[in-house]
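4 protein chains.
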Amino acid sequence: MSGNIFGKLFRVTSFGESHGPAVGCVIDGCPPGLALCEADIDAELARRRPSGHAASTTRREADAAEILSGVFEGKTLGTPIAIIIRNTGHHSGDYAELAGLYRPGHADWTWEAKYGIRDARGGGRSSGRETAARAAAGAVAKRLLSQYNISVSSRVVSIGGETEESAINALFERLRAQGDSAGGVVECIISGLPAGLGEPVFEKIGARMGSAVLSIGGCKGIEFGSGFGAASLRGSKNNDAPLRPPAAPDRPSFGSNNAGGMLGGISNGMDLLFRAAFKPTPSISAEQETVGKNGAGQRLVIKGRHDLCIVPRVLPVVEAMAALVCADLLLEHLAIDNGKRLI
Amino acid sequence: MSGNIFGKLFRVTSFGESHGPAVGCVIDGCPPGLALCEADIDAELARRRPSGHAASTTRREADAAEILSGVFEGKTLGTPIAIIIRNTGHHSGDYAELAGLYRPGHADWTWEAKYGIRDARGGGRSSGRETAARAAAGAVAKRLLSQYNISVSSRVVSIGGETEESAINALFERLRAQGDSAGGVVECIISGLPAGLGEPVFEKIGARMGSAVLSIGGCKGIEFGSGFGAASLRGSKNNDAPLRPPAAPDRPSFGSNNAGGMLGGISNGMDLLFRAAFKPTPSISAEQETVGKNGAGQRLVIKGRHDLCIVPRVLPVVEAMAALVCADLLLEHLAIDNGKRLI
Amino acid sequence: MSGNIFGKLFRVTSFGESHGPAVGCVIDGCPPGLALCEADIDAELARRRPSGHAASTTRREADAAEILSGVFEGKTLGTPIAIIIRNTGHHSGDYAELAGLYRPGHADWTWEAKYGIRDARGGGRSSGRETAARAAAGAVAKRLLSQYNISVSSRVVSIGGETEESAINALFERLRAQGDSAGGVVECIISGLPAGLGEPVFEKIGARMGSAVLSIGGCKGIEFGSGFGAASLRGSKNNDAPLRPPAAPDRPSFGSNNAGGMLGGISNGMDLLFRAAFKPTPSISAEQETVGKNGAGQRLVIKGRHDLCIVPRVLPVVEAMAALVCADLLLEHLAIDNGKRLI
Amino acid sequence: MSGNIFGKLFRVTSFGESHGPAVGCVIDGCPPGLALCEADIDAELARRRPSGHAASTTRREADAAEILSGVFEGKTLGTPIAIIIRNTGHHSGDYAELAGLYRPGHADWTWEAKYGIRDARGGGRSSGRETAARAAAGAVAKRLLSQYNISVSSRVVSIGGETEESAINALFERLRAQGDSAGGVVECIISGLPAGLGEPVFEKIGARMGSAVLSIGGCKGIEFGSGFGAASLRGSKNNDAPLRPPAAPDRPSFGSNNAGGMLGGISNGMDLLFRAAFKPTPSISAEQETVGKNGAGQRLVIKGRHDLCIVPRVLPVVEAMAALVCADLLLEHLAIDNGKRLI
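Residue numbers (my numbering), protein chains in the order written: chain A, 106 to 448; chain B, 106 to 448; chain C, 106 to 448; chain D, 106 to 448.
No wet-lab data here; the hints were simulated from the structure. The C-beta atom is built at its ideal place from N, Cα and C for all residues, glycine as well. Where hints are given, some of them may not hold.
In silico DSS-like pairs for lysine-lysine, Cα to Cα no more than 30 Å straight-line [said to hold, decoys possible]:
#: 1; chain 1: A; residue 1: Lys-398; chain 2: A; residue 2: Lys-408
#: 2; chain 1: B; residue 1: Lys-408; chain 2: A; residue 2: Lys-342
#: 3; chain 1: B; residue 1: Lys-342; chain 2: A; residue 2: Lys-408
#: 4; chain 1: B; residue 1: Lys-398; chain 2: C; residue 2: Lys-180
Residues on chain B that point at chain D, a partial pick, calculated with CB under 10 Å [to be verified]:
#: 5; residue: Leu-114
#: 6; residue: Gly-134
#: 7; residue: Cys-135
#: 8; residue: Pro-136
#: 9; residue: Glu-178
#: 10; residue: Gly-179
#: 11; residue: Lys-180
#: 12; residue: Gly-183
#: 13; residue: Pro-305
#: 14; residue: Val-306
#: 15; residue: Leu-435
#: 16; residue: Leu-436
#: 17; residue: Glu-437
#: 18; residue: His-438
#: 19; residue: Leu-439
With the rest of the complex left out, here is chain A (with noise of 0.2 Å):
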C-alpha cells in the first residue's frame, strides 16, 4: 500500500534515506489561520539530536527545517505544508563493508527480501533519521492541538531496568565500556483532550495510538493504563469509579485512570496515558556473528558512531505520533460533531 502516509484528515506523507540528500514531508490537512514557523519545527528538531544525551551517538545532525508551502505571513493556508530537512555530516565510508552482511537486529535482510534492492549507505529509509521527519509533523499537530489547549509530553519510566538517573548513567558507563546498548519504557500523556475522541470500531483511540507509537522503528510493545497488569486484576479492582465533580456538573469523572483515558475506544476526558517498550539499539560495537549474502558465517565489529539506547531521543518521536494521532481524530470527531458537542 505504499506505507509513508499517517493519517486520515491530518495527512502526513514522509520521505528520505538517511544518506539522500534530505528527509522531510508534507502535511495535508492542516486547519488554515494556524501560527506557524520555522522555528517551531526546529525546537522539536533539536529534541531529537543526539549532541545532548549521555546515550547517543556523538554524530551532530544540525537540523533546520526549510517550510517550501502551506504557510504564508506566518500562518497556514490550509495548502500542504512541505518541510525538508537536509542531511548533512553522513559519512558514507563507515558502512562501505557492511554492504555484503545482514547486521543483526536490522532490516538488511528484510528490505531486500521486500524490494531486491537498498540504499546500503546507511539504515537508508530504515534509518532513525526518518524519525526527524515524524518530529517535524508532530511540532505542526502540537501547534494545532494547543488551540484546544491539548498538551502532550512524556518521560523515560526505564533504560535497561534502570528506572533511577545515577543508575541509568552508570549502566551508561558499563555500556560503553563493553560496547553493548539497551533498551527503555517511555511514558507518554495526553492532558485536556476532550472526551469523545476515537471512532469505534477499528479506529479506537488505542488501536490509532497503538498503530502510530509501534510505527516507530525499535517499538516493541504498547500499554495503556493498566497495561498489562491489568490482565492479572480483578475486575472491582480495575474499573474506574465515574464520579460527578462539581465544577463540571453535566460530566462524569472517575475515581481513577486504569482505564488510560479511553472506553470503549474514545477518549473520557481523563488523561490519555500510555508506555512503549523499546529495544536495545541493534549496532554494537561488540563483536557479533552473522552471515553474508554469499551465505558464509561471518564475524561482525560495527565501527562508527551509534547510540548506547534510543530512548531519550525517542521521547520527541514519540509525542509527534501521539500529537499526530490526537490532532487527526479531532478532525475526524468535528467532521460528525460539526462543532457543537465537543466537550
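Assemble the complex: chain A is given as a structure, and chains B, C and D must be docked to it using the hints.
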C-alpha cells in the same frame, strides 16, 4: 472518519448492534476463485460462542452465517462478500434500568459524549457481540492465507495472573462466588508467513497488527517477540543472530526470535509472535458505585449473564484480526512484487 | 483496491450480484440523530423500479429495504447503517445459453479477464441491479442534506437525440419494433449547497462528482456548467460576473452560471449543475454477431426483458451519487471548519 | 479530507503555491528497481513551459526538478520519491492590487469561503503552477508504464471551436488583439493497456480517469469513446462487435471502439480513449465588471502575462494524470492477480 472499515486491499466493513436485528460484515477485495462456504464461517463463530467455556456467560448465541453475495457455486467471485448473522435470544429487559446511569468500565458515557445518542438496550455497537463480525471476516482471511500455507493460532497465556489450568479453574470458582471478573493475556503465532510483508515506515507489520488487536474491545496492550522484556535486555542478547540453514542457502534464518518475526517493520520469515493483554470484564455482579445522568451518586448491581473473563472467547477474535492483517499485507506486497520475489 | 467502497467520511460499502440472495449497502459515517426509516429508502427504490416507465423492462422488482443496524427508535445512532434488499423474481434460465459467449457491449469478457470467474446467471455484479444499493445509500445522504436545506434533483435532457416527450415516446415505439435501444442525457442540479465545499487540488468538487457519476454503469461522459460548450467560448463570455446581492452583502453572487456552481474545485454558492451521457442499453433483441469462448464467430439473439433506455430509471441513481458526494464533502469541510464558516 | 494526495497504491502527494519557494510532490508506492533520473522529469516539465506556444504567457519558468529521496544510483528504491521544483521569476507586484477584489472566473471568492485566508500574491494553490507537480509525478508513472509497454499520448482536438492549425493561429491573433481568451478540447489515448484494469463498481476505470482529469484546473467535462455522442446512438450501432483475431485466439478484439477501451469499468484491451473540455483562461486583459471585498461594484483590468488558451500546455498534464491512474490501477490489479492473468 467513520471507523468501521478495516484494511487497505482486503477491506472489511463491519456493522451491527448487540440488540438490533443482525451483525455482519462485507469483505471487499477478496481474490476470486477461493473455495468458501457458510460452514467455514460458522466454525469460527462457534469458537467464540459462550457455551463452551467455564468463564463464560450462560447466554446461548446460536450464530449462523448467511452469505448474501460474492460466492457462486462455492467459490469467491472477487466481488464483495456480504455476511449477516442474525441476533437471537437477547433480553432487552435486563438492560432497562441501566439506561439512566453510567456503568463503570463501560463506554456508556464516552458513547454519549461522542454521539449524543446510544442504543441502551445493551452495549449496542460497543458490545462484544460486534466481534462475531470480526470472526466471520477472519474465517475468510484464513481461507486465503491457507492457500499460501500461512496459519494463525493462539493460546491463553494467563488469566488473572494464573497460568495453570487448575489454578485458572479455581480462580473462576472464586470469581463466581465473589461476583467479580478477571483479565488475561493471549499469545498469537502466525506461521508460514513469507519474508517481505509490511509497508515501512508507518504501515510496519507491527503497527498494523497492533492497530488490529488494540481495536478489540478490552485490549489494553500488545507486545511483539521479547516485547516489554526487551526494554531490560542488552543489545548483545536481544539481537537474533542470522544463520544460513543448509536447506535454504539463499536466505538467512535466525538463532532466536526476540524480534517476534519482524525487522524494520517487515516480516523476516520467522514466526510472527505477539501477546495481547485484556482487562477484566467490566460487568460484575458485585455492587459498585457510579453516577447517574441526573448527577446523583448511585449504587449499582448489574444483573444478567456476563463472562467472568473474555479471554477464552477472544482467541478466535485475536486470530481473526491477525489473519485480516496478514491477508491485507500479503495483497499489498503482491502489488509491488508482481509475484516475482515472494519468499 | 477493491472498488466497492465509496466516499471518505460518509462511506458506502456496496454488495450484491443480480441473481444472488440480495444486494445492499453499509453506510459508515452517517452523523447520529438523523430521522430515518425504511420507507425513506423504499421511496427511492421505487423510483428506479422498471414498472413505471415506457422505456423499461417488464420485470417486476418489488424492492423493499431492511435496515439491519445503525437506527434505533427512528434515529441514526452514528453507527454503520446496514441495508439489504432481497433479490426476487429473477429467471436464471433466461441467461443459461449466454454463458458460453461474450455479449456485445457487456462486461462478460472484461470480467473474465479481470477475475477469471463470473456469475453468468446474469450481469452479476456488473448488472444494473447493483444500482439499487446506490439508491438506498443515496436516500440516507439526502436525509442528511435536507438538514442543511440542500436538495438534489434531476431530469431527462434527451433520449436518442430527442428532447420532446412525444418524440421520445415515438422513438420508444420504433425501438421496440426494431429490437433496438437508445442512450440519453441526464441533467442534475444540487440547490442550497453552501460555498466552500470541495478539497483542492485532487478532490475538487467536480472531480469527486465526476468519479461518482462515471461509476454508474453505462455513463460515458459528464460536463459541468457550460461544459464542452465552454471549449468554444471566449473567456469574456464564459466568465460569470460576480455581483453583490442586497440580501447578502457579505458574499458575492454571479450573473450567470457557466461555472456550474464551482470555482477552483470549490462550490461557489450557486446551483451545482452537471449533465451526464448514458450509452444505449447493450442488450437488444435484434440479432448481433459475436464470438464464443471457443473462439468461433456466432450469431446472438438476446431474449428476456430489457430496458429500451436506462435513462428514465437512472435518474434516482444519478441523484444518489450526487447526494453521496455532497454529504461527504460537507462532512469533510466541517472537519477543518469546525462549524464556524459554513455559508 | 485534505485533497492533495492522489491514488491508492501509487500515491502522489502534491504541494506548493505559485509564489512560494517551491512546488513539488512525493510519490509513495513506486515499485523498486525502476531506472529514473532528473532528466526524465525535466523533459515533462519542459513540455508544459509557456515559451514554446503561441497561445502562452511570455513568463519564463526555468523548471528543474531536484530528486530528494527514493532514487539510489539511478534506480528507484521502493521508498518515497520526493521531487521539488523551485519557483523562480515570479513578480508578486503584479498581483498586489487584485487582493481586494474577486477576479471573474477565478477561485478568489471560493478560496476565502473555504479557508478564510489566501495567498493573494497569485493564484497560490489554485494557480496552474500546481500542475508542474503533476507533470513531475506523471513522468515517474510513465517510466513504470513503459516497463509494461503502455504508452500515453494526447493531442489538441480544437481551440475556441477551431480544429485547423491555421484557423487556430488566426484565432490567437484576434484574441491577443481583443484581450480575450479561448477554451479547447484535448484527446488522450493510452495504448498497450492490458485487459482487466479497473475496480468495479465505484472505482471503474472511467470513474478513476474522470476524477483525475476533472481535477485539473479549468477542466469542465470528460467523455469516453463515443461519449456524449453515444446518447444519440442506437444500441445496434454503439455496441462494438467482439471479434477473434487470428494472432490472439484466446481473447476477443473488437470491430470498433465506441466503448473507449472499457466495458463494465474494466479495460478491454483496446486503446483507452477520452476527450476533455477546458474552459477559456479566466484572466483576460479586456475590462471586466466585478465586486470588491468591500461590497462595491468595480471595473477590473487584469495586467500581467497570461495564456490565451491553456490547452497546448495542458497536454502533458492530462497525460500525467492518465499515467498516474493507469499506474495505480495496474498495481491494484496485480494485488489480486498475483501476476498470473495479466493479459
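If any of the earlier hints don't hold here, list their numbers in rising order. 9, 10, 11
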